Structures are given as structure tokens and as C-alpha cells.
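Following the hints, put chains Y, R and L in place on chain E, whose structure we already have.
There are 4 protein chains.
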Amino acid sequence: MNNTFGTLYSLTTFGESHGKVIGGVIDGCPAGIKIDTESVSRQLARRRPGQSAIVSKRQEADKVIFLSGLIDNVTTGAPIAFVIENTDVRSADYDNLRDVFRPGHADYTYYVKYRGYNDTNGGGRSSARETATRVVGGELARQVLACLEPSLVIRAYTKSVGNITMPPLKSLPTDSQIEQSPVRCPDVSLSRDMERLIVETCKEGDSVGGVVECIVSGCPVGIGEPIYDKLSARLASAMMSINAAKAFEIGMGFDGCRLRGSEVADNWISDPSDRRGIRTAANHSGGIQGGMSNGEDIVFRIGFKPTATMMKEMETVNRQGDPVTVRAYGRHDTCIVPRAVPVVEAMAAMTLLDLILIDRARHL
Amino acid sequence: MNNTFGTLYSLTTFGESHGKVIGGVIDGCPAGIKIDTESVSRQLARRRPGQSAIVSKRQEADKVIFLSGLIDNVTTGAPIAFVIENTDVRSADYDNLRDVFRPGHADYTYYVKYRGYNDTNGGGRSSARETATRVVGGELARQVLACLEPSLVIRAYTKSVGNITMPPLKSLPTDSQIEQSPVRCPDVSLSRDMERLIVETCKEGDSVGGVVECIVSGCPVGIGEPIYDKLSARLASAMMSINAAKAFEIGMGFDGCRLRGSEVADNWISDPSDRRGIRTAANHSGGIQGGMSNGEDIVFRIGFKPTATMMKEMETVNRQGDPVTVRAYGRHDTCIVPRAVPVVEAMAAMTLLDLILIDRARHL
Amino acid sequence: MNNTFGTLYSLTTFGESHGKVIGGVIDGCPAGIKIDTESVSRQLARRRPGQSAIVSKRQEADKVIFLSGLIDNVTTGAPIAFVIENTDVRSADYDNLRDVFRPGHADYTYYVKYRGYNDTNGGGRSSARETATRVVGGELARQVLACLEPSLVIRAYTKSVGNITMPPLKSLPTDSQIEQSPVRCPDVSLSRDMERLIVETCKEGDSVGGVVECIVSGCPVGIGEPIYDKLSARLASAMMSINAAKAFEIGMGFDGCRLRGSEVADNWISDPSDRRGIRTAANHSGGIQGGMSNGEDIVFRIGFKPTATMMKEMETVNRQGDPVTVRAYGRHDTCIVPRAVPVVEAMAAMTLLDLILIDRARHL
Amino acid sequence: MNNTFGTLYSLTTFGESHGKVIGGVIDGCPAGIKIDTESVSRQLARRRPGQSAIVSKRQEADKVIFLSGLIDNVTTGAPIAFVIENTDVRSADYDNLRDVFRPGHADYTYYVKYRGYNDTNGGGRSSARETATRVVGGELARQVLACLEPSLVIRAYTKSVGNITMPPLKSLPTDSQIEQSPVRCPDVSLSRDMERLIVETCKEGDSVGGVVECIVSGCPVGIGEPIYDKLSARLASAMMSINAAKAFEIGMGFDGCRLRGSEVADNWISDPSDRRGIRTAANHSGGIQGGMSNGEDIVFRIGFKPTATMMKEMETVNRQGDPVTVRAYGRHDTCIVPRAVPVVEAMAAMTLLDLILIDRARHL
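Chains as they are written, first to last, in numbering that gives the first Met the number 0: chain E, 0 to 363; chain Y, 0 to 363; chain R, 0 to 363; chain L, 0 to 363.
In isolation and in its complexed conformation, chain E is listed as follows (with noise of 0.2 Å):
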């Protein structure tokens, strides 16, 4: 349930961001799949904080350390456990606030939830430290992936900071054109300006939102499952479970429901060098239609807020009630949402993997 995501491949996670170590159960992955454990390294490290001069300053090496299910990195079909230490824990930054709930935060609900006995320390089992065993458990899907399917990319990046947008793409960015800044934007101009954007919000103590971009090519057609499991609902549930997220939308998004049916139609045309024969001439519907992927590229985009922390004194209440003002604390990041990029991949990939052996189940 509540910590369980996926249903044939599953990831159970746990751990607090103080804690001796964040960590998870991989289940359901298949046997004899060759894990590149380098890959799953270098994942996580684009997801650590410390990993440029624009996110969070906590140093986390991310080390996942495999506990069982591999013999020589190969899968045996029994679950994954892993753990990944915390190491630069700074506990004591947060004495002051054990009794607060910060503006923004989920100090108030999970204190209410679970009638005070939660753990507060940086946050606890809210903190979005926790998405670093979602990295790890996305990073094997997408291995699997790689061996069921092995056309399909999943790509995401930094699509707008603030009130800076990047437009539309051309086609699918390489891992390395949206690598080239720590933003993960990859136009190259706007990142720059993307950039400048964080440091400059960070300098004045305040943080700043956006949104991250993915895209799915080369998934096959008929993914998903009517009618409460569509990839859709699925996708949509996925994302949303990330910290910070506000919003979701696929393909045309909130813009298309503006517009006439006769500005959006996805009409098909034969195209006989596509594998699917056809294709649509546009791809308004970003890849899904009835709930399943039609072959096209799946396009998805999510809001993340502002963080919630920041160098500022704000004004908010304690458990008493009582009114308090809360200063500059912790480590965070201005804006999340370039860390949050290979989280979206992790997600989407874990989705894609459970649905996937579920269509296969009932293939004659």
C-alpha cells in the first residue's frame, strides 16, 4: 500500500532523511538480467544533493549498497533489497523546529496523521530523500526495460524554471544535451538564463518553481489497462507521488482544452516506413489515447512549487498553536526541479515496466 509502488514489479521503500539509512525492495524484477550497477550510480548521482553549485549543499555520496537478489549484478528473481547510508546528517539544525509546522511543509499533517509520534528530523520519512530509492528502483526497470523493449527511451528535463519556458522541441534531446547544465534544460540559452535565475532567487533568500518535461519514444502500442489503470491515471498517480509536485498533464495539456477539436485532431496517415504502418500527423494526445500509448511519443509534463523552505522569516504557529517565527534553517534547494529530473525517469520507468508485464500476461 502506502509504501508499496507497482503491482508485477514493485518497489517498496523506506528509511528517513536523518535516519541511518534510506533504502527499498525491489520485487518482481525477472531473473537473469545483467544489472549495471555503474549506471545506478551514475543516476543517483544526478539526483545528490552537493552535485553542483545550484542545489541543496547536504554532501551525500549515494552509495547504494545491494543486500540480496544478485549474484555477480545478475537478477536471481528473488527481491532487491538495498540501502544507501546517510551520512551528513545535521540533526541538530532542526532542535528548534521539532515543535513547529513550517509553512508549506507536511509538518502539520503528518503530526496530525500520526498524533505526534512521527520523526521530525529534517523532515523524516517526508523529506524528498526518500526519491533516491525510487532512482535506484527505476534505474533496474529501466534496465529490464532495455532487455523487453529495447526502443524505449525515456527522457526527461528541465522544461521551464520560473517564468522561463523552453519552447516545444524539435525532437528528442540526447542524455548529454540536457546534462550540459546543472539545470537540465537543454537548450543551452536558456539554461544559462535558468541558471542565473536559481542563484539569483537564492541570493534573496527565496526559491523558485518549474516544470520538468518527459518523454517516452518507442513504446509499444496498447500499454495500459481500462479502464481505472489507464497509463494515464497511472502516469498521473506516479508523478504526483513526488515531492512537491502540483500538477500533470499530457501531451496538449491545459493549453489543448482551450482550443477546438478541429485545432488538436490527431488524424492518422499511413506512413510505411513507421513500424506501426500508420502514425499520427500531429501528436496533440502525447502518445495516449483511451488511456493506452498509441506508439507515439508519450509527452507528459509536472509542476513542481516553490520549495517550501527558505532563508527568509516567516511567520507560522506551533503545535501549541501559539504563534512563532521561523529563521533560515537546514540545507534545501532553491528551485528542485533539476534534481527532480531523474526522479520523473524513475517513475515513468517503474510505470511503464509494471504495465508492460501486465499486458504480457495476457498476450495468447
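In short, the hints are calculated from the structure, not lab data.
Values in this document were obtained by computation on a predicted structure and should not be read as measured data.
It is possible that some hints are incorrect.
A pair holds if it fits inside one copy or across any two, identical chains being indistinguishable in the list.
[Said to hold, decoys possible] The list that follows gives simulated cross-link-like pairs (lysine to aspartate or glutamate, EDC-like), each with its CA atoms no further than 20 Å apart: (1) Lys19 x Glu84; (2) Lys19 x Asp71; (3) Lys311 x Glu262; (4) Lys202 x Glu262.
Just chains Y, R and L now, with coordinates in the frame of chain E:
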């Protein structure tokens, strides 16, 4: 799985657009609740085709027949099965479409997934006709919620049609304010503009999209389960499972992601008049923090694409991949938004009831 | 949950013993399978009351009406809903029982769980009438299995009635051997003894228990998921969910637990004529090792208690806790075992199909 | 799925017999419960190898290390992850077995299911070493139950070893009566006979099976969900998932199925001294009627087959299908029953807690 929604309170649906019946099975409904079947009929009437001049001309009474689980309309704790007859079926309208992949529809994806065995009459299982069964499941959930959480109110309405958008509301609109117009926008003046836009678009043989907004007032604090069953994730999944939904956002949504943290901070303030003793000064978070309800109004929006069916000729292909022209066919809604309003409320009610039941289980 | 059985192939059931109908929804059935509805009727006839002199006199035709999911009896991939009418209902028989906790029945447990709101007519939802819907779900599962695993055969029969027990069979009995007697024991001589015992017990106003044995031949190797979804665990759960089941065992069962390891070892031997190239010399394990099928015949037995309803006076209490005498009432089976045989086969078929689908999902 | 047990209170396990660690993640544990870790250690000590002269000589301290979910041993509501180190690993014992399908073991079924990629050292994932993690999950469940249902007691003990069977008990045995003997049979005299039988069987290089009986006293009425999640079905599944379990029965079990209804009727009688005001005169039903607890003692038995490993030469085949002779290897239990006792209690505790949580959710 695919045709079942929910964990402790679940709805399993069946039936095709042009089959004998559509129907569902509600499981997990607590015993001893007196069901107001008039209210179920009223909700179905809000969704049914033929209800006004601006919706599909298909005439369906949408009378629900309960088959089990009730004695004198009181729930027994057993599964509640029900059917709704399909009476105004014109499958002949689809005779020349059996072989065609209509643009923007699920024809191609269903064809591939089910290898051509799926029912195509009237869209078969992919038709929005299935949403009538959700309205039944949702209205019963609402009546259970009225027992468990008497102050909880769920209210959806049309936020925008095409490029006409209602500004933020000052307070929760009443049912009669919403129902004063066939468009279901509580702003009298704008609802007329929207109605006019739909009528004109219809005359042009075109279609138009729009946005539904939903407010849940009076939700208890701490509803939603971390990490992957967040209230935000569950609502996103529920809403994106509705036909034609392409976008979802909570609170400040995508717009808030262009702003700075200082602009959207949700400071807590003391308020002895509030049941919680505190409240947020603003509600940018839309009632959800850390994935759980914080007691503020839960506010979310769903974007619906323009109806894919139009009264214009459209170029597309058939199953053989050959180009074909699709002409006007069937009966449809120029804008699905007015009829989506009760469906959004139904999905919200089922989502909240399910998560509230789960939350209650672990209270000591 | 409670009224749904299965994961990838699932059956959700509804309806009460004396309600309008009983029915179910089968979800996850692969598309393109031609359903033999005659065969469904034949299986229902094996379970229906009134089929012979030794079973309940209630007369039900048990004609199944499919509501969705089929076109010309071919599965479309959509959920398959069906109903069976209750035609021979005599709720008056239960009028003076509404207030009584009958010995050995579910009256008290349902009363407490549902606070008196449950339907008590004819046992309501707790009646074995529900098992008719399992026969439908099971027969469709068997027909899907016939496509996926043509050599797989499921066959159950009466192993014992009261203290009359059939010795181990030398080979899989045929359907006609099983059906030669209304008792469904393939041993002609013993089946007559069992029949006589049932008739005599009935005359005495008493009831008697018995055991059903089931053999699954031709199951592929490796079906069942470690650790908690073992084939043995899933079969146990499926069988113990049948009304009146009190005991379950695999292979050598309880008797084998009194023996030494050297007496029950399942040595493997080479056998080029076997599809596996090897087989076990004996099959004490009953076809399941480490929780998975090993390709030998899967053999298990289910013990059914004597019917709780008898034509004798019984002392018990009513809802007020006062002593009352229950007299002969309703119509019932002196021994439920003959009619349980097709239900056991149905549950076995659904269990195996579900696990086989899950297994297929992860094949590379 | 396969490595996760339970719905609202769940345990996900990982780790192989000869890997670094075994471990688990407990999810859904209510917050605010003080865990008695000494009691966890005591339960693990009852299961650990090397605890007495009649069990496996493998020496494991089985010290549990909690990784998350606790602050000062109080549950926080977050998932509780834990590991237990494997310290006394002699994989060399298995070197010449890697290629062999041992009789009665999971070697062949795992080999086929995982295409040879599974870990075979010490039985890998199929080893009963995994049950140590169940003891942890079960003991925490028991401690939660102690808060929710203080009068509920779960007690298992050895009912039979080989052909030595203890007659029915007059009353619930105490922990010390059970622990007085390494066999865990509360009958002092019979426990000596059983111990002698195990020692002699061991000397002969043979093994022997047996039966564990478990009594749950003080369970609330109405626990268990109809139709497919009956308490009887869930207990059956839980118990049959334990290594070497081949049989399961409730109350009068198989023996009762040879009797007449008049011999096993469970008449209700008034009893003002009982919390229910009534009770059954006898308890043939074993505390479960209609699939739910009726407030009587829940009584069930599990049959465990003789250990497949013996100190005798056994004829079998290898992966190539060639005949091979397996000689004495590894360390093992002559009779698994004494160590299965705490595992049965653990599975019972988790099953009951899960169903009690589900039941609580729907109480109005």
C-alpha cells in the same frame, strides 16, 4: 485491477456503450446506511445525455436498478450490484466505422491491445457511457461520507470552456448556483457566454475543451497515505481515469510553479474559531501538504480535451492502413465539460471515502 | 477485496440466496477466446440443487445470462458480467428464523459484523448459493487454460462420505466415471455405499460430511510465486473459501506428517518419455515443491463438515440470548460433497489461470 | 505480491539463506506503539537454529537490527525495516549440490522458474531461514494487537511428532508449559517421548514430520471478510506459505468430516458470564463460522512433512537429467516442528491484525 477502482470501498464496472446494460458492483460499503435512491437518480440526471440543448441527443433515462446488497434501500454490508439499461442505441451509425481508426479516439489502441476482438459499437467499453456507473458508485460513497464526516462537502463546477475562464471564487458555490445553467458554471454571466460558445461551436461542426474545478470542504486532517498513496496521487489517478481528461492540478497548480516561494507560502495562523484552532493564511497548497489533507479546502482542476468526434470531414486510415475520410457520425457532446462535473464529484467521493476508511483502520 | 477472487484473472461476485439474482464480473479474461456456453451450463447443472434424489429439493434452472464482455460468445477483453436468476425462493421458510442464531451457521457472526443489517433470508450472502457464480468464473478460466495450456486437466471427485473412503486411484478418472453416480465418486461400488449412507442419514433427519479430492494433471513447472503466493497457499485459500470447508491437504497430507522422511522421499528419476525428461519416482509431495508446481499431478483434498441444517430439533439462542428450539426448516443437502465437486474444480481453475498469467508476465 | 504478506499491515521480506542478511519491511504499523525489542529477541531465540540438541547445528544469533520506523523503540507510523545477519554460513557444503535436484526440495521448481539464475547456496530464497523475518513481523503484530485487543492471546505448540499425538487439551497451555521442553509440547510426558523419537530418528539418519496446533483466544467476533477473504481462507494461506507445510485444518478438521451433523452441532447457549452473553456448548467449528470468528477459541492445526534433507544416500538426478547419488550434506533439523511453533504464531498474529484493521475501517 483495470475495471475496479478503490481498495476498501471499491467499484467494479462492466458493460459497453451499445450493449444491453452497463453496471457495477460496489464492495466494502458499511452496513446500515439508508440510501437515498432519489439522490442517485438526480446525480445520474446531471450526467445523462439529452438533458439539455448543449449535450448529446442520445436519450437515456439512466434509471438504475439495484440487484443486491440493499434491503428497503438500507445497505446490508453485501456487495451492491446495479445495472442501467442502454435503451437508445443506434449501432447502425457505427456500421461504416468498424474498420476505421477515428482521430483522437481509442479505436487504434483498443484494436491493437485486444487484437480486433473488442466491441466497437458506439465506442464499446471505451465510451464515456461507462462514467454513468461511476456516478452511482460516487453518490453512494457521498452518502456514506455524510454519515462518517457530516461536514464534508464535495462540489465541482465548470471553470472554463474554451478560452472563457471564470476567475477564482470567493466562496464555495451552492448546488443551485451551479445548476442554474446547463453549463454548470456558477457565474451567471460567464455561464451564458460559455453556453453561447458551445452552441456556436456546435453549429460550426466543431468541438471545444474546458476545465472542471472541484472543491472538497470539511475534509478531516491527515487523509492520504504516504508515500505512493498520497491524496494528491490518488486524486490525480481518479481524475485522469475519466474519459478525455488530459491535465490535473492542485491548488495553485502550474501557475504557482512560475512563482517564487515567498509568493505562495502557506503560513499557519491561530484561529480559535476553526475546528483545528489554526488555519493557513492563504491556501496555495490547495488543501494538501506532504500528500495529505491539511483541513483547508481541497481544490483541484481537471482539463478535458475537445471532443474528438466532430461534424466535419476528417482524414484518417482504416485497419488496412489505407486513407479514408470520416464523415459526421453518431451523437456526441460539443463540449464534454458540463456532463463531466458530476463524474468528477463521483470520483472525488470514492477516492476520499476509500482513503478515510484506510485512515480509520489504524486509529488506536 | 472480500468479494473479489484473483489478481490478473479475477471474479467479483454479488447477490443473495433469496434475492432477485446472483451474479459476477470476470475481469482480465484475454480477448479472442470462443466461450462454449453449453459447457458453462453443464458445469452449473452439476452444481445446481434438485439435480438428483440426494441433494436439496430447491429447483433452480441456474441459467446464466451474460450481460457484457462477449460478442457472439467470443471474449472481447472487456469485463464479463453475468447473472443467474433465483426462481425457487421460499423465504417464508425463514420467517421464524430471522431472530435465531442457528447452530453451525453464520447467523451470529454476520449479525455481529453487520450489526443486524445483513440479509438473513435463505442465509443471504452466506449461503452456498454464491458458489454457482464461482462455477461460471471457473468454467471460463478452464476454457482460457485450454488455449494456454492444452494438456492441463482439472478433475475433482468425491473421496469420502462419512466414514466411507475410496482408496488411492491408480490413474486420473474420466468425467464419465465421476458422473456415473450422483455422489460423484468414480468407484462404482463405493459410490453406491456412499449414496445409501446419504439416503439413510437423510431419513434419520441427520447430515454427514465428506472429502473431495482434486487432481490437476499437466500443469507447467514453476507455477506459484514464492514466498506468500505459493501455489499451495493460493489453493488452500481458494478451497477454504468454499462454504463448509474445514480442512485442506496436499499430496500425502496429514498422514505423511506421521511418517519418516525415508518413507516419503520424492526421488527424481530420468524419464525420456516425460516432457520434462525427468519425473519423481513417487509423488508424495502432491505436485508442489517449494510452493511451486513440479510437473507431477497436483493432488489435494478438501474436508467439508456435515451440513449444519438438519431435520432434527436443535437447542440454541435468539438475538436476545434467550434459549429457543429450532425445528426442521428450509431445503438443504444431507451431504454437500457431491455438489462441492464442480465448485472445487472451478476454484482450482481460477487459481491456476491467475498464477499462470502472473508467471507468463515475467518470462523474458 | 509474492514477497509481501498482508494488506493494511504488511510484511515484505528479502534475503537468502547464505546471503549477507535476511530482512523485512513492515508497513502499516500504527504510530505510537512502544515496541518491546527484548520480546522480539525472545521470539527469534525460539526459532533460531542451534537452540537445543534436537535442532539444526547452524549457529545464528539472529539479532535483529532495526533500520527505520522507530524512535526510542516507539513506532512512528513509517515503514519499519530490519535486517538479521547471516553469520554461520557454510556454502561449501552445497558446492557439490549446485547441479543436483535434491529430492523433496525446491531445487527443480526454482531452477525452471528462474531459468537457473536463482541462488542455490543453502537453498537460497527457498530456505526456511526466511521465516526468521516472519517472526519479527509477527511479534510486532502481536504487540499492536496487545494495544487493540488486550484479551487476545495466540499460542501454538507441538501437537504431534511422527505417530506420537497429544490428546485434546482441556485448557489453553501457558508459555512455560510449552517451553518446558525443546519439543514445545505442553504435555510433559509426551514431550519426552517426542524428544526421544527425534533423537533416535536423527541417529538413524532419517527425519520425521509432525503437527503444530494453534489456539487464538479472545478474538473479537466478526473478524474475517466474506467471501474470499474469510478468516479460515486467510489463515490457511498464511500457514500453507510456511516451508514444509502440507496440511491445514480448523476445529474438528478432517476427523469431523467423517461424522454426522448431530455429532458436531455447535448449539448456542446463554452464558451471562461471557462477554458475548452467549457461547457455544462445544466448539467443533474451531471458532470460525461462515468464515468469521464467532468469539470461541480459534483452533487450527498445520501438518509439516518430514524434513527432506537426511543423512542417508538418496538417488536423484542433476540438471542434465543424469542419475546422481546425494550424500549427507549441510545442517538441518530432523523434525522442523519445534522451530515451526513460533512461526505459526507469527503468521497468525499478522493475519489477525490485518483482518482486525480491515474490520475496524468500516465500523460506523
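To see whether the hints hold, each was checked on the structure:
{"no.": "1", "hint": "Lys19 x Glu84", "result": "both (6 Å within a copy, 17 Å between copies)"}
{"no.": "2", "hint": "Lys19 x Asp71", "result": "between (26 Å within a copy, 14 Å between copies)"}
{"no.": "3", "hint": "Lys311 x Glu262", "result": "between (46 Å within a copy, 12 Å between copies)"}
{"no.": "4", "hint": "Lys202 x Glu262", "result": "between (44 Å within a copy, 16 Å between copies)"}
Checked against the numbered hints listed earlier, the structure breaks none of them; every hint is satisfied.
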